[in-house]
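K.L.:
Below, each chain spelled out in residue letters.
There are 2 protein chains.
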Amino acid sequence: MTRPPLARLLAEAQPGVLLFAITPPRRSAPVERVKEIAAVTLDRLAPLDLDGLILYDIDDESDRNPAERPFPYLPTLDPAVYHAEHLGDWDRPVVIYRCVGKYGSRELSDWLRGCDPERVLSVFVGASSGDKPARTDLREAQALRQAVRPDLPLGGVVISERTDEHLRMLAKQERGCGFFVSQVVYDVNETKNLVSDYFYACAARGVAPRTVVFTLSLCGSLKTLEFLRWLGVDVPRWFQNSVRHAADPLAESYRQTMAMARDLADFCEHLGMPYGFNIESVSIRKAEIEATTDLAAEVGALLRG
Amino acid sequence: MTRPPLARLLAEAQPGVLLFAITPPRRSAPVERVKEIAAVTLDRLAPLDLDGLILYDIDDESDRNPAERPFPYLPTLDPAVYHAEHLGDWDRPVVIYRCVGKYGSRELSDWLRGCDPERVLSVFVGASSGDKPARTDLREAQALRQAVRPDLPLGGVVISERTDEHLRMLAKQERGCGFFVSQVVYDVNETKNLVSDYFYACAARGVAPRTVVFTLSLCGSLKTLEFLRWLGVDVPRWFQNSVRHAADPLAESYRQTMAMARDLADFCEHLGMPYGFNIESVSIRKAEIEATTDLAAEVGALLRG
Chain A
0 MTRPPLARLL AEAQPGVLLF AITPPRRSAP VERVKEIAAV TLDRLAPLDL
50 DGLILYDIDD ESDRNPAERP FPYLPTLDPA VYHAEHLGDW DRPVVIYRCV
100 GKYGSRELSD WLRGCDPERV LSVFVGASSG DKPARTDLRE AQALRQAVRP
150 DLPLGGVVIS ERTDEHLRML AKQERGCGFF VSQVVYDVNE TKNLVSDYFY
200 ACAARGVAPR TVVFTLSLCG SLKTLEFLRW LGVDVPRWFQ NSVRHAADPL
250 AESYRQTMAM ARDLADFCEH LGMPYGFNIE SVSIRKAEIE ATTDLAAEVG
300 ALLRG
Chain B
0 MTRPPLARLL AEAQPGVLLF AITPPRRSAP VERVKEIAAV TLDRLAPLDL
50 DGLILYDIDD ESDRNPAERP FPYLPTLDPA VYHAEHLGDW DRPVVIYRCV
100 GKYGSRELSD WLRGCDPERV LSVFVGASSG DKPARTDLRE AQALRQAVRP
150 DLPLGGVVIS ERTDEHLRML AKQERGCGFF VSQVVYDVNE TKNLVSDYFY
200 ACAARGVAPR TVVFTLSLCG SLKTLEFLRW LGVDVPRWFQ NSVRHAADPL
250 AESYRQTMAM ARDLADFCEH LGMPYGFNIE SVSIRKAEIE ATTDLAAEVG
300 ALLRG
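Order-wise, the sequence lines are chains A and B.
Per numbering that gives the first Met the number 0, the first sequence starts with residue 0, numbered consecutively.
Per numbering that gives the first Met the number 0, the second sequence starts with residue 0, numbered consecutively.
Hint data in this document are derived by calculation from the structure and do not stem from the laboratory.
Wrong hints could be hidden among the right ones.
If chains are identical, the list can't say which one is meant, so a pair holds when it fits in one copy or spans any two.
[What the hints assert, rightly or not] The calculated lysine to any residue pairs, modelled on SDA-like cross-linking and capped at a C-alpha distance of 25 Å, are: (1) K34 x K285; (2) K34 x L230; (3) K222 x H269; (4) K222 x A200; (5) K34 x L47; (6) K222 x N192; (7) K222 x L270; (8) K222 x A203.
With these hints in hand, go ahead and build the complete structure from the sequences.
P.N.:
Structure representation (structure tokens):
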């Protein structure tokens, strides 16, 4: 049986959504190199039974943390442009992220008008810190989409480390968000707290909970660990210890990430909460990127098996 | 093959120790009632493949929390007396708790001299708050045992909610503790943090880690939840939500507790950390006590299966 397209899976809050997230190549890369990267990426993803591909919109987040960024910030191609010009061979939907603060409202509404809801979904991300000047803020962007392109499926980000995040989710839902994608998950306990709070708050209001897609990422080196912490991800001490001490931190991280996936899947299924997974690599190291493809395959087997 | 006695399992840090903990009957109960309780208890425990029975020494802990105690404090029989006079039919070892602050050093050393290390182990518990006048403090009691009865296997309590608890464990170990029994565990993440910190601190010092016995207890009602929180146990919000909302909180708690047991067993085995479980009921409700026996059987199957 053919699986319904991503937009329908999310609209119907069907469980088991599987996404994979990539960051477009650097803006400075020559076009031949960009083509090569796109081909290699699609090759790598072809065997995976993905419901869609997330394309991140990278913002310079140096304002969120004054400490030096462990991996350097390099401007990347616009995800919509990368999609249009280089991912023509990708026949499944894409979820285009928009750091809305980077764009003026004219620019944003032009893009909204032009995109094809059969192939494209979007997730709007607000500014990384309140102090940063935002050309469009999150609410304005959500209102714009509501006015210009209400048929474009819109998602919101969820960060389990924030208090009252479940209330923020409900507010986003009222402003048109039909699904959520989490930040990288390492603290299963906090994530369960959030899902549980959200689920029961929905029940109390008589609102149907929307799918939450949990982002999983391996952490196979101290450098990656350092980066995760720089990003503000809550990495439990025991997980940090195991990356520091394990003979093979990548294998250790793989094992623990699969255990987290099983735990969250079990938790959501028992609760009756629609969920899915998004697999990404925050690292730019080859071994971690390759293991990430294996992880996506194994998480896919967990969801569909 | 016959399983080695508890003292040897702990001395050799063999994995898979299974204990069950009970609180002696109220001091005000008529002797006939005490006999009856002992018989019913031993009947209930007989089918379980326990390595030993923990007998708690209950202290009036009202000083630790000014809020009203959800289950009333009632003085209970001395665990050593209960053991000697009523548990003659129990042919396996017992771990007698001693809230050392309740006893003078003469009283404590008399007891230490009189007990049989073939049948008895002990766990010393310090005062529940620093302000409380203690007749003997924890270090004095540990020194006393070292002087009077070094052959009596001694354990210490561990509370994963405390910061730097792993350093406290190492210090207790230097003062003669050969194993640890945790407070009731509900926050697996914090417990893993503690075990991980302890394990790697042992490795850094070239010290062999001692067995940690994790205490599991069901929470099948709001009253029990209230009591756990009064005791200072860190119960994750998602767990609290599920007890509040589940149609059958006891079944829900049972399911979650087994999941915790599997998670901790898997974690310790992978790390190479010696561990075991202790099953108890903090509740005095019949349904919860009965489900606790089932829990012990299923945890036993997990350990020995």
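K.L.:
Each hint should be assessed against the structure and marked as holding or not.
P.N.:
Do the hints match the structure? See the list:
Taking the closest pair of Cα atoms, K34 and K285 come within 25 Å of each other only inside a single copy of the chain (19 Å); across copies the shortest separation is 69 Å, beyond that limit. Taking identical chains as interchangeable, the C-alpha atoms of K34 and L230 are never at most 25 Å apart, the minima being 29 Å within one chain and 62 Å between chains. Taking the shortest alpha-carbon separations for K222 and H269, only the inter-copy value of 24 Å comes in at or below 25 Å, while the best intra-copy value is 36 Å. Taking identical chains as interchangeable, the C-alpha atoms of K222 and A200 lie at most 25 Å apart only when they sit on different chains, with a minimum of 23 Å there against 38 Å within one chain.
Taking identical chains as interchangeable, the C-alpha atoms of K34 and L47 lie at most 25 Å apart only when both belong to the same chain, with a minimum of 21 Å there against 65 Å between chains. In this assembly of identical chains, the alpha carbons of K222 and N192 lie at most 25 Å apart only when taken from different copies (21 Å versus 29 Å within one copy). In this homomeric assembly, K222 and L270 come within 25 Å of each other (Cα to Cα) only across copies, at 23 Å, whereas the closest approach inside a single copy is 36 Å. When the C-alpha separation of K222 and A203 is checked against a cutoff of 25 Å, the pair qualifies only between copies, where the shortest distance is 22 Å, while the shortest distance within a copy is 43 Å.
When each numbered hint is compared with the structure, a violation occurs for hint 2 only.
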